[in-house]
Every structure is written in structure tokens, then in C-alpha cells.
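Enquirer: Residues 1 to 207 (UniProt numbering) are what the sequence shown spells out, left to right.
Derived by calculation from the structure, the hints in this document are not laboratory data.
Incorrect hints may appear among the rest.
To be verified - No more than 20 Å apart at the CA atoms, straight line, and that leaves these computed lysine to aspartate or glutamate pairs for DMTMM-like:
(1) Lys115 with Glu169
(2) Lys115 with Glu93
(3) Lys115 with Asp164
(4) Lys115 with Glu125
(5) Lys115 with Asp100
(6) Lys115 with Glu158
(7) Lys29 with Glu158
(8) Lys29 with Asp76
(9) Lys29 with Glu169
What the hints assert, rightly or not - Cβ-Cβ distance ranges computed for the label pairs, FRET-style:
(10) Leu30 with Ile168: 17 to 23 Å
(11) Ala58 with Asp100: 31 to 37 Å
(12) Trp177 with Asp100: 14 to 20 Å
(13) Ala165 with Glu199: 30 to 36 Å
(14) Ala49 with Val201: 18 to 24 Å
(15) Ser122 with Tyr45: 28 to 34 Å
(16) Glu144 with Gly17: 26 to 32 Å
(17) Gly102 with Pro20: 17 to 23 Å
(18) Ser149 with Gly28: 32 to 38 Å
(19) Ser122 with Gly28: 24 to 30 Å
(20) Arg69 with Ala118: 45 to 51 Å
(21) Thr119 with Glu53: 23 to 29 Å
(22) Ala49 with Ala118: 24 to 30 Å
(23) Asp62 with Ser149: 32 to 38 Å
Quick reminder that beta carbons are idealized off the backbone N, C-alpha and C, glycines included.
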Amino acid sequence: MSAPTLPKHLSDLPIAGIIPFSATDWPGKLTITAFTQGCPLRCVYCHNAQLQEFAPGAVGVDDLVGLARRRIGLIDAVVISGGEPTAVPGLAEAICRIHDLGLPVGLHTCGYAPKRLATLVSQPESRPDWIGLDIKALPRHMHEITGCSPRVAQSCWESLAIIDAVGIEVQTRTTLWPGSVIEQNLRELEVMVAAQGHELVVQQARF
């Protein structure tokens, strides 16, 4: 599955909404969390289905940066979540602007776009300081869980290798629910992640 063609007017990071204070989006840090609009996957457990459509954002990047500036000293960092941030334009520019404030930036991604991620992390200004990488499922189960193609099923592992090569702190995590194919094969997924040098964090789906 490839990302839908983006409307030409979407040149800025499309932000659907902002949580001004969050203690759950970057372990150990109090953050502002921004949610981007648009995701190419269709996860069966998605609790942010309203963010799947590629559309203009409801909040401007200027608003996010302005809020972050006002919260300096009250927050530890800014997290950009989604949707899928690497599938929309303007991500690098937004990270650079937040870094210019002296604030660290966290990124939530499923690793959907390894080439875009590689470009993002290649420059210190646009490189996230921490990444929460969603390991959706074992590659053979990715289509069932997300609707993606076999090519995309391998992308999260490529993205993990890119993250590790740069040395960015990363949390690998997966979402499960009773009776899911993820739960049934959790041990195999944990072993696969451990083989890459990481511990898999398990979170429960919210329906």
C-alpha cells in the first residue's frame, strides 16, 4: 500500500490537534504532543481513525511553535505523533523550528517510510531526539493488521536499522488485545525485536 497522493496545498505539517501537557507520550518526560493528520495504514485497532484521511491540519505549525515557546520551563520536550508523521510533508521543518527553541523532539512512527526517515535523521537539526517505534506485527501478519503490502511490512525493520545506525534513543512497542494474532505470536515478535538489540514494550489496545 502506498500513501495516497497529497493535495498540492499541503506543504506545511498538517496538525490535527495538540495536547498541551502529556506525561504518557515520552517516558519520563512532560511534553506537548501534536497529532498529524493523515495515515496510509488502516490498523484494525486504531483509536484515532479520524486522523487517517490526508487533509489540511486544524492547527498551524506557528501555533505549535508558539505554544512550545510559551511553555519553555514547564515542559521537557515536544512529541510529534499521528496519524503517521513520516507520511506527511513539513515534518523536518517543524522539528527544526522546535529545536531552534532549545527543546528536544520526540517522534512516534510505525517506520512506514524508511527513506524519508533516513533523510530526517541525516541532519542534526531535523533529527528527533527520541523515537517511539510501533512494531505493528510480525511481517507475515502485517497485511491482516494494517492492510499494508508486503513491501511496507518490511519497512519498520528497515527503519529500526536506520534509527540504530544513527544512535537515536528508541522505544519499540506493540499493541495487542485478547485473541489477536499479535497476542498469539507475541513471544516470536519479542524474540525478533530482541535480535535487533531492543526490548518490546507491550501496550493494550483501546477500543
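Enquirer: Where does the structure disagree with the numbered hints, that is, which hint numbers, in rising order?
Expert: Violated hints (numbers, rising): 5, 7, 11, 12, 13, 20; every other hint is consistent with the structure.
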